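Visitor: If you want the building blocks of each chain, they are given just below.
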Amino acid sequence: MMRWRSVLLAFTLLAVLPEVVMACPVCFDQDDEARIAFLATTGLLTFLPLGLVLGTTMWLRKRVRDVEDEE
Amino acid sequence: MAEARVLPFRPRPQRPKQLVGNGVMGMILFIFTEVMLFAGFISAFIIVKARAVGSVWPPPGQPRLPVESTAFNTAALLLSGLVLFLAHRAYLKGDRQIVGRVGVAALLGVLFVALQGREWAALLAEGLTLTSSSYGAFFYVIVGAHALHAMGAIAALVWAWRRLEAGSLSADALSTVALFWYFVVLVWPVLYAQVYLA
Numbered sequence: 009m010m011r012w013r014s015v016l017l018a019f020t021l022l023a024v025l026p027e028v029v030m031a032c033p034v035c036f037d038q039d040d041e042a043r044i045a046f047l048a049t050t051g052l053l054t055f056l057p058l059g060l061v062l063g064t065t066m067w068l069r070k071r072v073r074d075v076e077d078e079e
Numbered sequence: 272m273a274e275a276r277v278l279p280f281r282p283r284p285q286r287p288k289q290l291v292g293n294g295v296m297g298m299i300l301f302i303f304t305e306v307m308l309f310a311g312f313i314s315a316f317i318i319v320k321a322r323a324v325g326s327v328w329p330p331p332g333q334p335r336l337p338v339e340s341t342a343f344n345t346a347a348l349l350l351s352g353l354v355l356f357l358a359h360r361a362y363l364k365g366d367r368q369i370v371g372r373v374g375v376a377a378l379l380g381v382l383f384v385a386l387q388g389r390e391w392a393a394l395l396a397e398g399l400t401l402t403s404s405s406y407g408a409f410f411y412v413i414v415g416a417h418a419l420h421a422m423g424a425i426a427a428l429v430w431a432w433r434r435l436e437a438g439s440l441s442a443d444a445l446s447t448v449a450l451f452w453y454f455v456v457l458v459w460p461v462l463y464a465q466v467y468l469a
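As you go down the protein sequences, you meet chains Y and G in turn. Be aware that the first sequence starts at 9, since it is given in my numbering, and climbs by one per residue. Be aware that the second sequence starts at 272, since it is given in my numbering, and climbs by one per residue.
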């Protein structure tokens, strides 16, 4: 009975208190070069569209000012 | 008999001036999607390269890419972009004599694609194919996608050149075509640096 309780407690603890899951290659690749590549490309694909939208917004604002100055 | 009513004069409201031409705005949105397409290709390529077995890249037994001859192609493409940029700027300032310069830009683009085609034929003969390795697959997908864009943009340049000759090209249409060509020209050095040099 005591043994089953221990097993149950162990499973409960494993289920409730999971350790860090080493599945994310961005955080846990053993190879430094690959980890840097994952981080760099994640940054690129995150910030590139934001930069494109921001750049276009700034350009359009400048166009608005130019048109207002012309008028 | 009904009396005539005099309506007060109301001037027609002025349409606000268009900030950006429809063609230019459409091309900007199209270029956004293409930038993300190439960013995805490059990201996948960087990761596969970083995780290569034994950190050996290119994989053993695969031919090396012709860095020097492609540098010449790159110079031709950049020159084409510069020629078109100067012609485009002159057109927007009122100079309508840019037919020759647009033609030169298109011809330099054709030269770039033709030299790339010759390079591909040599690489295929050396054994680098889409299925020979991930190196070959990435090379043909990335460089091939760029070549397809270049051919599309050259077709647009030729269309613009013919309309210029006929004197029926609007400034918005020229800007739209020029934007497409600038994208093709400016994305190439990034691809060249990543695929050929890194």
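None of these hints come from the bench; they were simulated from the model. The structure displayed is predicted, hence computed values, not measured ones. Be a bit skeptical, because a hint or two may be false.
[To be verified] Here are some, though not all, of the chain G residues that point toward chain Y, as calculated from beta-carbon distances under 8 Å:
no., residue
1, R283
2, P284
3, R286
4, L290
5, N293
6, G297
7, I299
8, F303
[Stated by the list, open to error] Quick list of in silico lysine-lysine cross-link-like pairs, DSBU-like style, CA-CA up to 30 Å:
no., chain 1, residue 1, chain 2, residue 2
9, Y, K70, G, K320
10, Y, K70, G, K364
11, G, K288, G, K364
Don't be surprised by glycine CBs; every beta carbon is placed ideally from N, CA and C.
Visitor: All hints are to be evaluated individually against the structure, with a verdict given for each.
Guide: For each hint, the structure was consulted:
no.	hint	result
1	R283	violated, 17 Å
2	P284	violated, 14 Å
3	R286	violated, 13 Å
4	L290	holds, 5 Å
5	N293	violated, 14 Å
6	G297	violated, 13 Å
7	I299	holds, 6 Å
8	F303	holds, 5 Å
9	Y:K70 to G:K320	violated, 41 Å
10	Y:K70 to G:K364	holds, 19 Å
11	G:K288 to G:K364	holds, 19 Å
Hint violations for this structure: numbers 1, 2, 3, 5, 6, 9, all remaining hints satisfied.
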